[in-house]
Amino acid sequence: MSLFRLRPLGRNLAILLLVALPVAACGGLPGSAPTNFYILKTMAELQAQGTPVAVADGVTVGVGPIKIPGYADRPQIVTFGSGAEINVSDFDHWAEPLSDAIKRVLTSNVANLIGEESVFSYPADFRPDKQSLQVAVNVIDITETGTGVARLSVRWHVKALYDNKVLSRHAKVYEAPAVVGDYNSYAKALSLLLAEFSQDIASSLNGTNLSS
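Using full-length UniProt numbering, read the sequence shown as starting at 1 and increasing by one per residue.
Hints were generated in silico from the structure; no laboratory data involved.
List time: in silico EDC-like cross-link candidates among lysine to aspartate or glutamate, alpha-carbon distance up to 16 Å:
{"id": "1", "residue 1": "K188", "residue 2": "E175"}
{"id": "2", "residue 1": "K130", "residue 2": "D57"}
{"id": "3", "residue 1": "K67", "residue 2": "D141"}
{"id": "4", "residue 1": "K172", "residue 2": "D141"}
{"id": "5", "residue 1": "K103", "residue 2": "E196"}
{"id": "6", "residue 1": "K165", "residue 2": "D129"}
{"id": "7", "residue 1": "K103", "residue 2": "D73"}
{"id": "8", "residue 1": "K67", "residue 2": "E96"}
{"id": "9", "residue 1": "K172", "residue 2": "E196"}
{"id": "10", "residue 1": "K188", "residue 2": "E45"}
{"id": "11", "residue 1": "K159", "residue 2": "D129"}
{"id": "12", "residue 1": "K172", "residue 2": "D200"}
{"id": "13", "residue 1": "K130", "residue 2": "D163"}
{"id": "14", "residue 1": "K67", "residue 2": "D100"}
Owing to the predicted nature of the structure, the values given are computational and were not obtained by experimental measurement.
With the hints as constraints, model all of the structure from the sequences given.
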């Protein structure tokens, strides 16, 4: 074989080596960190004891919709940093959309407090009667403050579904300890705050009478 024939082969081999080196280098890098997923838990799952609340006979309660702030409406868990900074964790996600998780937990908790047969998730495909109520929730803040405090700031109103009349309006801020950077701690703290919020929702339904 002549030297003329060897040169193209050598050049091609050099090109192959140049391509292979970055691939080999990438193969030597450690894999990316796994994504962790977290859920919010109901009072029953937390084994938290609530105080049963009596509502008028025949009253049914639809829980929802749940509105959450735009910064929190994403799979990643968001916490506050210093000043106006927020921290978005690329490897720590909610296991379901946060608004769905809150509705699931609140619906379960309120049902546990006033009676399973009286509570449903709203919107729902049904024809409301004069005993049908709605609890609509607007979450103003839901975060860990960066100082070891989980915070849930909410507004809610109770409305008669039959004629869309607002019967009462409420607002409250809930706080509980949470370890900074520990998302298990944060998820548990939020679950406890939702349990406390659920108790207040149930209490806001007490004495509501739609018979008139």
